[in-house]
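Sequences and hints are given; from them, build the entire structure.
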Amino acid sequence: MDFELRSAREKLEREQRERMQRAKAKADRERRAKAEAARRRDALEASNRERRLDAARAQEEADQKMEEAMQLGKGISFSHMFEALRYDGPGDKIKLPPSSFKELSDEGALDKGPMYFRLSKVRDQGASQNQETEEATCCGVLEFTAREGSAELPPHVWNNLFHSDTPDVPLIEVRYASLPKGTYAKLKPEGVGFSDLPNHRAVLETALRNHATLSENDVVVVNYGQLQYKLKVLELKPASSVSVLETDVEVDIEGPDSVLDNQENQHVLVPLQTGKVESGLVEEGKFRYYKFSVEETIGEKVASGLANIEVKIEADTSSGDTDIYVSRHPLVFPTQHRHEWSSHEMGSKVLILKPRDATSVGGIYSIGVYGFKGTTKFQLSVAINDVINSQRIGEQASVSSTASGESVVCKNCKRHISARTSVLHEAYCVRHNVACMHDGCGVILRKEEAADHVHCSKCGQAFQQREMEKHMKVFHEPLHCACGVILEKEEMVQHQSSTCTFRLIVCRFCGDTVQAGGQPLDVRDRLRNMCEHESICGSRTAPCDSCGRSVMLKEMDIHAIAVHQKS
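Per the numbering used here, the sequence shown runs over residues 1 to 567.
If you're looking for bench data, these hints aren't it; they were derived computationally from the structure. There may be inaccurate statements among the hints.
Claimed, not checked - Once the Cα atoms are required to be at most 27 angstroms apart in a straight line, the calculated DSSO-like pairs of lysine-lysine come out as:
hint, residue 1, residue 2
1, K458, K411
2, K349, K232
3, K473, K286
4, K291, K230
5, K447, K458
6, K301, K312
7, K237, K181
8, K291, K489
9, K276, K377
10, K414, K447
11, K95, K34
12, K473, K458
13, K373, K473
14, K373, K349
15, K301, K349
16, K11, K34
Claimed, not checked - Just the calculated beta-carbon pair ranges, DEER-fashion:
hint, residue 1, residue 2, range
17, R549, T166, 44 to 54 angstroms
18, S497, A358, 16 to 26 angstroms
19, L53, E235, 38 to 48 angstroms
20, L281, S150, 45 to 55 angstroms
21, K112, D54, 52 to 62 angstroms
The beta-carbon is built from N, C-alpha and C at its ideal position, and this holds for glycine as well.
Set out below in structure tokens:
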């Protein structure tokens, strides 16, 4: 009996313990479930709260962009993303699709004058904000002919927007902007040599005629003939981006950071003082340029024949040889086939500058020392020499020679000699001298020098045997002009000074040094000896000083004669 009671009690206690364990496990499961539900509820609430914040931030950014676009465009909101394409053209005017014209027209942008746009490069999410700010620029619009979804950029805008590597699909954001008229601009050449150009400010002004805007940190490319100069925009007023249309801008040009001693790939003019010797070194196929000035008083003396300009170069021919080319501004950098004076003699040489126009002797001259062969050391000097004394000596010598007694002509050298010594002279002359048999030459040479005396088979000029190779290479080797013409040196010099479309001229209307271009389309302009640039530049109108009427610049003289009877 006791055994049964004890068994029942143990069973009851065991069942109670099991029920308590099950109740405790159930309570633990319910507590964990409640904690997990609370955690999920908090996570969901946090996610919803984050989404609401993101939506609020996105809306705030959109409102801020809309407000900025409205402020930037002075009430006109135009902001689109386009694929950037490149096209060849001058200036900073882009091409937009036709749909942009309709949208801008509906916004009333056409009534606000010239349209300007701010372009920024669309960068990856990891790109810094500073880089995004730097890769932005402003521009004008040329036409609305680009295909939908794209914008075509000229080289100026493309290079300023994409400084480094271009992505596979370049995307840009184009936003309408209202820019103030510029009043001040500070630019800095990236290299040396720009300030050597004659009237370089006018050259810069001509380059900026194709631009509608300027932005700080932009690089402006200025072309001068076949040379190219880059200037960085450092400062603008009254804003960091300004309009340069129909406004007077005060331009300040800073000097470059440094001037290198050896300008291998740059055109730099080294100042050369009259009467002083300048030493230098030139490598084969390269130029070293110098400049000197002639005052007007000295120019008048040279033009009257009382003095001459002498350019002298002494070269070390043991390791190479040089050529020398001289030009007068506006031709700043003379070359093998663009110059006014040249000398191709071997070794040291003296070049006398005979003025072609007696009225324009004074001014700035450029000297180009060309390394014809090897690396050559040289000493260059310019002198103004008085020629009155030498002329008097020559006159006295001629008088004394004519005052001599009876003379006869030597049968061998054809010189006039005294009849008293003619027999001895002829015997000596026949034994030691020989006349060149080339047609038109007849020069008398020593017999030991006759073998070294040769004539060019093309032009007939006489040279020493060692000079013939250089003569053939310099004067008779075909030269290629940038306009496509192939000529020899003498013809090329004439071509590039009179008929080449890339020759530099001083425009009679704008006063700038520009490329002449081809023949003008208007026959009347051809009769006035105008080039293509002058024909286009002269088509600009200006008010007449007498009547105030707008007259084309090239018709202003005819207008003054026909209307105002001015001679």
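Violated hints - listed by number, lowest first: Numbers 1, 2, 11, 16 and 21 - these are the hints that the structure violates, sorted from lowest upward.
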